[in-house]
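Colleague: Quick note, the sequences are listed as chains A, B and C, same order.
Just so we're aligned, residue 0 is where the first sequence starts under numbering that gives the first Met the number 0, counting upward by one.
Just so we're aligned, residue 0 is where the second sequence starts under numbering that gives the first Met the number 0, counting upward by one.
Just so we're aligned, residue 0 is where the third sequence starts under numbering that gives the first Met the number 0, counting upward by one.
Note that these hints are calculated values from the structure, not bench results.
None of these values were measured; they are calculated from a predicted model.
Possibly wrong hints are sitting among the right ones.
Claimed, not checked - Derived DSS-like pairs: lysine-lysine, alpha-carbon spacing no greater than 30 Å straight-line: (1) B:K2 to B:K12; (2) B:K57 to C:K108; (3) C:K103 to B:K7; (4) C:K108 to B:K178; (5) C:K108 to B:K12.
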Amino acid sequence: MNDNTNSVSPSLLAGDHFDWVRYSRKQRLARSFGYVAAAVLLYWALSTVDIFWPWVRTAPAQLGDMMFRMFPPSLEKLNPILYALVESINIAVLGTIVAVVLALPVAYLGAQTVTPNRVTLWLARVIIVATRSVDTIIWALIFVAILGPGPLAGILAVAFRSIGFLGKLIAEAIEEIDWGPVEAMQAAGASRAHIVTYAIVPQVVPSFWAITILRWDINIRESTVLGLVGAGGIGLIFQGAIDTFKWNTVSLVLIVIVMVVFAGELVTGIVRRKLL
Amino acid sequence: MLKITDLKKSYGKGEPVLKGLNLTTDERRLTAIIGSSGAGKSTLLRCINRLVPANSGKIELDGVNILDLHGQQLQHTRRQIGMIFQAYNLVDRLTVMENVLAGRLGYVGMLRGILRRFPQEDVDRAYALLQRVGLSQYVNKRCDTLSGGERQRVGCARALMQNPRILLADEPTASLDPKTSERIMELIAGITDELDLPVLINLHNVPQATTYADRILGLRHGVMIFDGNPGDLTEDWLEKIYAGYEDDLKKQMRVAPQEQDDE
Amino acid sequence: MSESPDHYIWRRPHFIETPYIRYGLLALALIYLVFALSTVRINPQRVMAGIPRAISMFSGAFPPDFQARGSLIISGFIESIQMTLIATAAGVLLSIPIGFMAAKNVVIKPVYVVGRLIVVVMRSLHPVVLAVIFVSAVGFGAFAGILTLVLYTIGFVGKLLAEAIEEIKYGQVEGIRSTGAGYLPVLSYAVFPQILPRLIGLSIYQLDINLRASAIVGIVGAGGIGGTLNTAFGRYDYATASAILLVMIGIILVTEGISGRLRRFTK
Numbered sequence: 000m001n002d003n004t005n006s007v008s009p010s011l012l013a014g015d016h017f018d019w020v021r022y023s024r025k026q027r028l029a030r031s032f033g034y035v036a037a038a039v040l041l042y043w044a045l046s047t048v049d050i051f052w053p054w055v056r057t058a059p060a061q062l063g064d065m066m067f068r069m070f071p072p073s074l075e076k077l078n079p080i081l082y083a084l085v086e087s088i089n090i091a092v093l094g095t096i097v098a099v100v101l102a103l104p105v106a107y108l109g110a111q112t113v114t115p116n117r118v119t120l121w122l123a124r125v126i127i128v129a130t131r132s133v134d135t136i137i138w139a140l141i142f143v144a145i146l147g148p149g150p151l152a153g154i155l156a157v158a159f160r161s162i163g164f165l166g167k168l169i170a171e172a173i174e175e176i177d178w179g180p181v182e183a184m185q186a187a188g189a190s191r192a193h194i195v196t197y198a199i200v201p202q203v204v205p206s207f208w209a210i211t212i213l214r215w216d217i218n219i220r221e222s223t224v225l226g227l228v229g230a231g232g233i234g235l236i237f238q239g240a241i242d243t244f245k246w247n248t249v250s251l252v253l254i255v256i257v258m259v260v261f262a263g264e265l266v267t268g269i270v271r272r273k274l275l
Numbered sequence: 000m001l002k003i004t005d006l007k008k009s010y011g012k013g014e015p016v017l018k019g020l021n022l023t024t025d026e027r028r029l030t031a032i033i034g035s036s037g038a039g040k041s042t043l044l045r046c047i048n049r050l051v052p053a054n055s056g057k058i059e060l061d062g063v064n065i066l067d068l069h070g071q072q073l074q075h076t077r078r079q080i081g082m083i084f085q086a087y088n089l090v091d092r093l094t095v096m097e098n099v100l101a102g103r104l105g106y107v108g109m110l111r112g113i114l115r116r117f118p119q120e121d122v123d124r125a126y127a128l129l130q131r132v133g134l135s136q137y138v139n140k141r142c143d144t145l146s147g148g149e150r151q152r153v154g155c156a157r158a159l160m161q162n163p164r165i166l167l168a169d170e171p172t173a174s175l176d177p178k179t180s181e182r183i184m185e186l187i188a189g190i191t192d193e194l195d196l197p198v199l200i201n202l203h204n205v206p207q208a209t210t211y212a213d214r215i216l217g218l219r220h221g222v223m224i225f226d227g228n229p230g231d232l233t234e235d236w237l238e239k240i241y242a243g244y245e246d247d248l249k250k251q252m253r254v255a256p257q258e259q260d261d262e
Numbered sequence: 000m001s002e003s004p005d006h007y008i009w010r011r012p013h014f015i016e017t018p019y020i021r022y023g024l025l026a027l028a029l030i031y032l033v034f035a036l037s038t039v040r041i042n043p044q045r046v047m048a049g050i051p052r053a054i055s056m057f058s059g060a061f062p063p064d065f066q067a068r069g070s071l072i073i074s075g076f077i078e079s080i081q082m083t084l085i086a087t088a089a090g091v092l093l094s095i096p097i098g099f100m101a102a103k104n105v106v107i108k109p110v111y112v113v114g115r116l117i118v119v120v121m122r123s124l125h126p127v128v129l130a131v132i133f134v135s136a137v138g139f140g141a142f143a144g145i146l147t148l149v150l151y152t153i154g155f156v157g158k159l160l161a162e163a164i165e166e167i168k169y170g171q172v173e174g175i176r177s178t179g180a181g182y183l184p185v186l187s188y189a190v191f192p193q194i195l196p197r198l199i200g201l202s203i204y205q206l207d208i209n210l211r212a213s214a215i216v217g218i219v220g221a222g223g224i225g226g227t228l229n230t231a232f233g234r235y236d237y238a239t240a241s242a243i244l245l246v247m248i249g250i251i252l253v254t255e256g257i258s259g260r261l262r263r264f265t266k
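Pulled out of the complex, with its shape left as it was, chain A reads as follows:
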């Protein structure tokens, strides 16, 4: 490069013409295709969706009106709200605990590297997929239908939804462990139970706590809506206030929910920093 670049290039100051376009032809084609596909999908959705358009036009006014009525929040129902809030938190905690107990064996069976055989692996996978794909509130519908309204249905709903979540992530954590210690234990003649307690559990413990705390944080949020289908907690008061147009109570409930979820995030942040 020494020869040509160290001499004055004639084109540096007065120039030939060059054409430049931002992407290569192929890239531009791919991009245009992507844009067109997205536009077509969106057009289809917008033109066929079942929306009553006059309502859309009045929506900003309606929303503004509602906000106006929410202000100021009324403290009238503060006591029952706090009581229901505690119930929501209890549902989240107990539900998470039940889920952990049930998820551990599922995770063990669902981890490809340690599961005893193919049948157990698939059994675990079916449990994980089925519980994970059904949302907490749908589980709540099911359990309310079986057990009747109340926090027990809520706890089980939270627990069932969490089994798949915890099971999947813990199984992945088990699959990612360093296999060396397991082999060392095998070489030392340890039984399966010993291998699990000495070589697997210690390696999985940090991820286990991280995953559990994460799910607990999510469950706090989930538990706030269970009351809407009768499964206990603050959602019941929320629904009641909406049905009776007590907008000042609705706003208080919303504020309380935002605060408790925010507090939950702070707690998980602190615990994560302390523990891990």
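Could you slot chains B and C onto chain A? The hints should help.
Modeller: Frame of chain A, contents of chains B and C only:
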């Protein structure tokens, strides 16, 4: 053209980094600033185009005090000052051409810039510069696929794209291996000579400074203690500039013979 | 071997060394658990009655019946997909300015506070809570659901986008700023290219999340398959309910697979 008077800068409540610094560029073209790490070399260059705000003093470019400028005026002054960075500071995910054209962002309208619709003469100039730095075959390559030396060439092209009145280079060769480092110095010295462009360059490497610079400034703890021709930079002066930083000093001494071996 | 003492006492070191704190925390946890359990008023009779109920429910659910309300199921899912597409597009577009507002390193403090507040509030509210509010404000149907999912998207994408913006390499910003570029060109050249892969990945992921959420906001009347499911439960039509759940699981698995593959593609 560039005149700095009593420039002071400290970060937070710490010891000031620049303690009343004075500097005027003259007809000599390539001015190298040397000094140990932490002497304030980088801070000085960053103050000049206001990447960091100075505390007090004056920096005048053609009689306009840069420290008084705001908004668009500041942008217009910045575009007259080209800057080459130690870590190249290219946008990794953009192509070579986009990075070079970014040098025109101080000139073209906002929308044109955002939509990448640059005037044809800008594109022509970008090509010419890329040819000059030897990268015209990589126009549509993404910058994160280039080697360090290639990236710094793009960095040079971007700075020159601004059509600057003055070029600042903040340790442009410190992240490169010795051989590439020489090539980049040759390139900067060569191209600024062709364009008759004054350069202010921070260097960690004293032999490079004495080889390429027409004027050398020695900075120590935020004060200019040496200002002279490369020939006047004796070992005594080096020891004064680097006193207390024996590691830095030794490095300078060791680099010198090695570089000669390479020739 | 060593000669001195014959016995060594070894015990596994405790996680929390100070016994007071260790047992204190344990006691607190136990007290809380007892309290929490005591608030769950379990009515044994009701639970016992639940067993035959569960049996009849599950026997009603098998085999799942895709036929009886087939057209309702299909139109419900189509509406869910429409809501997802519209809400994700609108939500992601709105998330971009809000994400920038909520990133400390690119805006001034007051803007940051507002942006952060928007994101925190949106994130804290469960989509079903938002749906209830929107249903009572703008009426039943897909529009309320779309509004819900838009806010839900802002909470999620806005937050993660803000984090991505806060993690950008600042040198690239300095590089562009030093050329004299204004605020918006700096964002467009130095910030946007750095977060673009993240933004695309998040949008695809959000499509997936919104499809799930669109299935549940219907339970409170905000359109989509959730409404059909809720009606099926209300009518004790468990065969249809199980059919809907199966389709839902299938769709979620498929979209998860697709979105996972698409996201790996955008680097």
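Colleague: Each of the hints needs a verdict: does it hold here or not?
Modeller: Each hint, compared with the structure:
1. Proposed proximity of K2 (chain B) and K12 (chain B) is supported: the alpha carbons are some 27 Å apart, at most 30 Å.
2. Restraint check for K57 (chain B) and K108 (chain C): satisfied, since their Cα atoms lie roughly 29 Å apart, inside the 30 Å limit.
3. The hinted pair formed by K103 (chain C) and K7 (chain B) meets the criterion: a straight-line CA distance of about 28 Å does not exceed 30 Å.
4. For the hint linking K108 (chain C) to K178 (chain B), the alpha-carbon distance of about 46 Å lies beyond 30 Å, and the restraint is violated.
5. A threshold of 30 Å between alpha carbons decides the hint, and for K108 (chain C) with K12 (chain B) the separation of about 22 Å falls inside it, so the pair holds.
Hint 4 from the earlier list is the only one contradicted by this structure; the remaining hints agree with it.
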